[in-house]
Amino acid sequence: MSRKPIVTPPRAPGSASLETVIRFENVSMRYGRGPEVLTDIAFALPRGSFHFLTGPSGSGKSSILKLIYLAERAAGGRIELFGQDLAGLKRRSRPQIRRRIGVVFQDFRLLDHLSVFDNAALAPRIAGRKPSDYRGDVADLLAWVGLGEKIHAFPPALSGGEKQRLAIARAVINRPDLLIADEPTGNVDEAMGLRLLRLFLELNRVGTTVLIASHDSELVAKSGMPAIALAEGRLAARRL
Amino acid sequence: MKAALSPERWRPAPLLPRGDGRDPAFLFLIAALCFFAGLAAVAGLAGERAAEGWRSELGGSATIVVRAQGGQTPDEAAAAAAEAVSKLKGVTEAQALEKAKADALLAPWIGAAALPPDLPVPRLVTVELDRKAPATGAEMRKALAAAGVDATVDDHSRWTSDLMRAGVLARAIAAALFVLILAVLGAAIAFAARQDLAARRDLVEALHLCGASDGAIAGLFQARFALSAVEAGVVGAALAAAAAALLKALGAGEGLAAPPIAWKDLLAVAPAPVLGALVAALAARATAMAMLAEGP
Numbered sequence: 005m006s007r008k009p010i011v012t013p014p015r016a017p018g019s020a021s022l023e024t025v026i027r028f029e030n031v032s033m034r035y036g037r038g039p040e041v042l043t044d045i046a047f048a049l050p051r052g053s054f055h056f057l058t059g060p061s062g063s064g065k066s067s068i069l070k071l072i073y074l075a076e077r078a079a080g081g082r083i084e085l086f087g088q089d090l091a092g093l094k095r096r097s098r099p100q101i102r103r104r105i106g107v108v109f110q111d112f113r114l115l116d117h118l119s120v121f122d123n124a125a126l127a128p129r130i131a132g133r134k135p136s137d138y139r140g141d142v143a144d145l146l147a148w149v150g151l152g153e154k155i156h157a158f159p160p161a162l163s164g165g166e167k168q169r170l171a172i173a174r175a176v177i178n179r180p181d182l183l184i185a186d187e188p189t190g191n192v193d194e195a196m197g198l199r200l201l202r203l204f205l206e207l208n209r210v211g212t213t214v215l216i217a218s219h220d221s222e223l224v225a226k227s228g229m230p231a232i233a234l235a236e237g238r239l240a241a242r243r244l
Numbered sequence: 005m006k007a008a009l010s011p012e013r014w015r016p017a018p019l020l021p022r023g024d025g026r027d028p029a030f031l032f033l034i035a036a037l038c039f040f041a042g043l044a045a046v047a048g049l050a051g052e053r054a055a056e057g058w059r060s061e062l063g064g065s066a067t068i069v070v071r072a073q074g075g076q077t078p079d080e081a082a083a084a085a086a087e088a089v090s091k092l093k094g095v096t097e098a099q100a101l102e103k104a105k106a107d108a109l110l111a112p113w114i115g116a117a118a119l120p121p122d123l124p125v126p127r128l129v130t131v132e133l134d135r136k137a138p139a140t141g142a143e144m145r146k147a148l149a150a151a152g153v154d155a156t157v158d159d160h161s162r163w164t165s166d167l168m169r170a171g172v173l174a175r176a177i178a179a180a181l182f183v184l185i186l187a188v189l190g191a192a193i194a195f196a197a198r199q200d201l202a203a204r205r206d207l208v209e210a211l212h213l214c215g216a217s218d219g220a221i222a223g224l225f226q227a228r229f230a231l232s233a234v235e236a237g238v239v240g241a242a243l244a245a246a247a248a249a250l251l252k253a254l255g256a257g258e259g260l261a262a263p264p265i266a267w268k269d270l271l272a273v274a275p276a277p278v279l280g281a282l283v284a285a286l287a288a289r290a291t292a293m294a295m296l297a298e299g300p
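Protein chains in written order, with our numbering: chain D, 5 to 244; chain S, 5 to 300.
With the rest of the complex left out, here is chain D (with noise of 0.2 angstroms):
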């Protein structure tokens, strides 16, 4: 059987394109009829960059990414992904979207009734792909997270390492143009945290754009790679 490598070459550096993935303009946001959460974030990410989020907690960084992650919408300004203004974009096309966006939280947000297989399969399988078609590259990935002997295992019988690293390979499975972690470190030990990261650095060194929302701020410190500061909802820094 012939099987896609997972991992591609990767990109030598600075090549990345100057194409943008994520643009923010003046975007505002509010739960509900509360208090604005966001005001007038501004920023813009490359096709190919890696940026962490950071901030203390409360600061914005997870409401920053349930918007691009389409889970709220904005209460102002203007949001394009992969060139596309949200504030345009109808339901049915979401889907499309959403499907170039590999996303990772803190809690893992696995399915229990699901094994291993089945989890990190998820994504080709809403694709509408055969299963032969995409269970080379399930097992080649799992193997490639550390998973391939715990394939037929389900969540609940998985470290907290191994269920991040099970959340990491169902969202990058169908290779997604954008990478974004909610605090993916925030429940697992140091060692496991770097071991992530590596993760994180190797999936971006193949070509996908990277957004991590991180408290920690060593592990942002070891990883060298430039960071957006967030403080009461509005942009304070920006470390390139």
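Rather than coming from a laboratory, the hints here were simulated on the basis of the structure. Owing to the predicted nature of the structure, the values given are computational and were not obtained by experimental measurement. One or more of the hints may lead you astray.
Here's a subset of chain D near chain S, in silico, CB distances under 7 angstroms, partners left out [unchecked claim]:
#	residue
1	Pro99
2	Arg103
3	Leu115
4	Leu118
5	Phe121
6	Asp122
7	Met196
8	Arg199
Partner residues aside, some chain S positions facing chain D, computed with beta carbon under 8 angstroms [claimed, not checked]:
#	residue
9	Trp14
10	Phe195
11	Gln199
12	Asp206
13	Glu209
14	Gly215
15	Ala216
16	Val239
17	Leu243
18	Ala247
What follows is a set of in silico ranges between Cβ atoms, one per label pair, in the way DEER data are often shown [said to hold, decoys possible]:
#	chain 1	residue 1	chain 2	residue 2	range
19	D	Pro60	S	Leu282	51 to 57 angstroms
20	D	Lys134	S	Lys268	43 to 49 angstroms
21	D	Gly62	S	Glu235	45 to 51 angstroms
22	D	Gly87	S	Arg198	35 to 41 angstroms
23	D	Pro50	S	Gly219	31 to 37 angstroms
24	S	Arg205	D	Ser97	47 to 53 angstroms
25	S	Arg13	D	Gly150	20 to 26 angstroms
26	S	Ala290	D	Ala91	24 to 30 angstroms
27	S	Ala290	D	Ala240	42 to 48 angstroms
28	S	Ala297	D	Ser163	35 to 41 angstroms
29	S	Ala29	D	Gly62	42 to 48 angstroms
The beta carbon of each residue, even a glycine, is placed where N, CA and C say it ideally should be.
Please arrange chain S on chain D, whose structure you already have, making use of the hints.
Then chain S, alone, in the frame of chain D:
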């Protein structure tokens, strides 16, 4: 062990947990509703058959009340009436009742002992009609008038039209019950689907994030509830057929108290699980789509 872990042996597991939409109390409710829907269908057919049977019985005969005129004796007048109508097309037999039988018919009202012998009791002629093409009351009246017989024809048409109406009403009530039961089933499915969807927010979110459309997610719940409805509906419909068969075996139709059930009537339960599944699918999909539209 290696073989057990082989991805080649992997087959996708159902996205919805196997137990969802299969709560025993819920399945019992679906089965019970399909049982009643099946019984309503059988009762509608049996009611219509009973009305048709009674109409046929009444429409297959007529009674002529004959009054003697001039120098005729009542027996002569009755004989003349019987002869006049027996020649009509659509009449298979006309028979004048003897005086004793006419008296016997009056006995319940005025008592046999009280009848004076010279009382001019009207004579009766019983007429058996061809069931397929019976002579009409008008035709009999015309023949009697032509024969110079003073008589009143009762062709039971007043009763047969009432019975026809009763048959139509029985069928309409059964159909309304059937539809009402399916509507209740739809409401129950909508309620259960709403609960199921609310309990599976994690799954819905994961599917959305992986790029599933609202329609695809609703389709999961739609298929699950339709399948549950078919399974429980088949059990309910089978029980309804068994109950109808038991009624038939116990002698239904032998009196007025129970409707006549034919073996082929038992097939009327078959649409219940099919329509139940259809209603379940539509109700589950509509509910899921409405709930998903409320979300992001």
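- Item | Interface restraint verdict for leucine 243(S) against chain D (beta-carbon cut-off 8 angstroms) | Violated - the Cβ of leucine 243(S) stays beyond 8 angstroms from chain D, reaching only about 32 angstroms at its closest.
- Task: Take a look at whether the Cβ-Cβ distance between proline 50(D) and glycine 219(S) falls inside 31 to 37 angstroms.
- Result: holds, 34 angstroms
- Is the shortest C-beta separation between leucine 115(D) and chain S less than 7 angstroms? The hint holds - leucine 115(D) has a Cβ within 7 angstroms of chain S, the shortest such distance being about 6 angstroms.
- Task: Could you tell me whether the CB distance from alanine 290(S) to alanine 240(D) stays inside 42 to 48 angstroms?
- Result: holds, 47 angstroms
- Message: Within 35 to 41 angstroms: is that where the Cβ-Cβ distance between alanine 297(S) and serine 163(D) falls?
- Response: With Cβ atoms ~38 angstroms apart, the hint holds.
- Query: So the hint says 35 to 41 angstroms: do the beta-carbon atoms of glycine 87(D) and arginine 198(S) match that?
  - Reply: holds, 38 angstroms
- glycine 215(S) as an interface hint toward chain D, with CB separation required under 8 angstroms: OK, holds: glycine 215(S) within 8 angstroms of chain D, min 3 angstroms.
- Item | Interface hint outcome for glutamine 199(S) [beta carbon to chain D under 8 angstroms] | Interface hint status for glutamine 199(S): violated (17 angstroms vs cutoff 8 angstroms).
- Query: Holds or violated: 47 to 53 angstroms for the Cβ distance of arginine 205(S) and serine 97(D)?
  - Reply: Violated, at about 23 angstroms.
- Query: How about tryptophan 14(S): closest beta carbon in chain D under 8 angstroms, or not?
  - Reply: holds, 6 angstroms
- Message: Interface hint check: glutamate 209(S), Cβ to nearest Cβ on chain D, cutoff 8 angstroms. Holds or violated?
- Response: holds, 7 angstroms
- Interface hint compliance - arginine 199(D) to chain S, C-beta minimum distance less than 7 angstroms: violated, 23 angstroms
When held up to the earlier numbered hints, the structure conflicts with 7, 8, 10, 11, 16, 17, 18 and 24 and fits the remainder.
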